[in-house]
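Here the protein sequences line up with chains B and H, keeping their order.
Position one of the first sequence corresponds to residue 0 (numbering that gives the first Met the number 0), numbered consecutively onward.
Position one of the second sequence corresponds to residue 0 (numbering that gives the first Met the number 0), numbered consecutively onward.
By construction, these hints were calculated from the structure, which means they are not laboratory data.
Treat each hint with caution, since some may be false.
Partner residues are not named here, just some residues of chain H that face chain B (Cβ under 10 Å, in silico) [what the hints assert, rightly or not]: (1) 141; (2) 190; (3) 347.
Please read all numbers here as calculations on a predicted model, not as lab measurements.
We treat Cβ as the ideally placed atom computed from N, Cα and C, and that holds for glycine.
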Amino acid sequence: MSETQNLTLVQAVRDGLATEMELDDDVVALGQDIGKNGGVFRATQGLQSEFGESRVVDTPLAESGIIGSAVGLATGGMKPVPEIQFSGFMYPGFDQIVSHMSRYRTRSRSRFSLPMVLRAPYGGGIRAPEHHSESKEAFYAHEAGLKVVVPSTPYDTKGLLISAIRDPDPVVFLEPKLIYRAFREDVPEGDYEVPLGEAAVRREGSDVSVFTYGAMTRPTLEAAESLAEEGIDAEVVDLRTVSPMDRESIVESFEKTGRAVVVHEAPKSGGLAGEITALLQEEALLYQEAPVQRVTGFDVPVPLYAMEDYYLPNAARVEDGIREAVEF
Amino acid sequence: MSTIQRDPENRVQVLDEDGNLVGERPDIDDETLLDIYRDMKLARHFDERAVSLQRQGRMGTYPPLSGQEGAQIGSAHALAEDDWMVPSYREHGAAVVRGLPLKQTLLYWMGYEAGNEVPEDANILPVAVPIASQIPHAAGLAWSWKLQSIDDDAAADAAAGDTDTAGICYFGDGATSEGDFHEGLNFAGVYDVPMVFFCNNNQWAISVPREKQTASETLAQKADAYGFEGVQVDGMDPLAVYKVTQDALEKARNPGEDQLRPTMIEAVQYRFGAHTTADDPTVYRDEDEVERWKAKDPIPRLEAFLRSEGLLDDETVDEIEETIEQRVSDAIDEAEAEPRPEPEEMFEHAYADLPPALREQRDEFVETVNRHGKDAFLEEE
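Okay, chain B solo, but in the shape it has when bound (with noise of 0.2 Å):
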């Protein structure tokens, strides 16, 4: 049995990053303020004195430079993991993402795969300023050749993140900032993974199947606790990767329950509860007891912080959409 530590989510990146470039040479991680600051967010704090200013490099602020340069690192050899400060500013860079990062083992025939990790805190609850709470998950995972990792816990932090670099393909690693800090976990020291797309059963239940991601997966969690006292039984999935999808896992949880609700804090109109619930319905649709619940953020710009928390979805929404989902 190893060692663990007890982790916060973004201590676990940063080990996890460590971890891996102690064991890959290949292994660079770039961004701005990254190396002698250690990321506006310490993600990668102390990372450039243990590896040097080679592998841990402090780039121009330019995000179109920062993705386009490691898809050449990549086409090099090198395992680059870009970091970009804050997901609400990936745009300058979305052209190298969806032209580039995401098609070049298609354009070259395989000749060249990315084998690159784009990182970005992400998600909203943190008082940001304006472009600081975006959550556009979908758009990445509406990209082919990408996948898109989301994680909820230190421990899957880690095992992801060193998933997601050993990867041959490119994946958009998004990190929820709201849960940077907000509790620890015993992680391993050294390396393990965590499959991508695979989904975990954070609770189970007989009751209705709540699909979620990310930061939404704890207050998901307090809804369904809540719940069970007055005798309802949630069960809890937690996507981890929502590119590619653990469908099985999605269809299978809902097989059992016939109940969905799915929670996201992204705007709901083309956001990934469309997805599930168009999943749900060709999969399994004469399991349906009731219509499925989407409880997510609104198809507005994410407000600023006075106006935040009613923008994202908390316990009181979510428990409310269980009720729907439940009372029908």
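Start from chain B and add chain H according to the hints.
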């Protein structure tokens, strides 16, 4: 003094428009001189045939290169065997020099994914269509060589990386207006990478002339902003292009003191034809202008020089033309004989391991095609 260290407005020239030696003759052997001539002729003939194939409906939209042979072939010949090339979408001529079979270029523009297959020993990245987007890749690729040259000492300084490999990245004049041009060159300067940035300034970004693209006096001077040298060269003078590229590659490998490795070359030239076969240049430019530039055509220019050097005569020219025509015609036959891809090939290279849901999409689709027969899907040609 290196050709690179000069006023960017002082354009490098070796041959005048009539093929007379007016500058310093580059260090280049007779065989290479003849190869450059042959490859320029090949590129021109290939281009003419490709445009004609498009007109006959045998090929999709195609971006012609005629007029740009001097820049493409001259620069590509300056690369060493292990060097890399990062192209835009018009470098069909340079790509042949780097070992990409003509058949592949034809297939790509005929709409076959198989055209993207590059032989393992050809050091060339795939075609990049979004303007300037390949420039950051070139910076990153060259940066990877530096990182890989650092030994295991984790504390090694980033600047210590030394490498024998260098590369060339092509883009047009319009690309210099894009953010990616700035970000790519800026990274190249900051990380001091062994990459030569080669701007094919063909005067027109589709319909917008060079002078409406930027208020800069020259494009070469933009290199100043990134801390490295920029040089302007007569892009229709293959020998001047060869010399400037050779010097830039040499500097990329072995920079002098206080010199950064990258260089930006602005090769001043002209595209004789349309931007692509979907474009009509008569709408935006005068025939006079085209004729003025055609007088600078790189092919007769080099031919005159080679004849004056006694390296070419009528007989050799005929022989060369015959070989080229045969080669292009064979490539067209091969490309047109390529079987249409099977439907499942669409899914083949999206991921290293196909995710289960995508496997399902593929299998269902293949089953559907088999049920209806391919004819139900394929439009008649």
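Does residue 190 (chain H) pass the interface hint, meaning its C-beta sits closer than 10 Å to a C-beta of chain B?
-> Residue 190 (chain H) check passes; min Cβ-Cβ to chain B is 8 Å, inside 10 Å.
With 10 Å as the cut and Cβ atoms as the points, is residue 347 (chain H) at the interface with chain B?
-> Since the shortest Cβ distance to chain B is 8 Å, the answer is holds.
Mind checking the CB of residue 141 (chain H) against every CB in chain B and telling me if the closest is under 10 Å?
-> 8 Å, holds
Against the hints set out earlier in the document, no violation occurs for any number.
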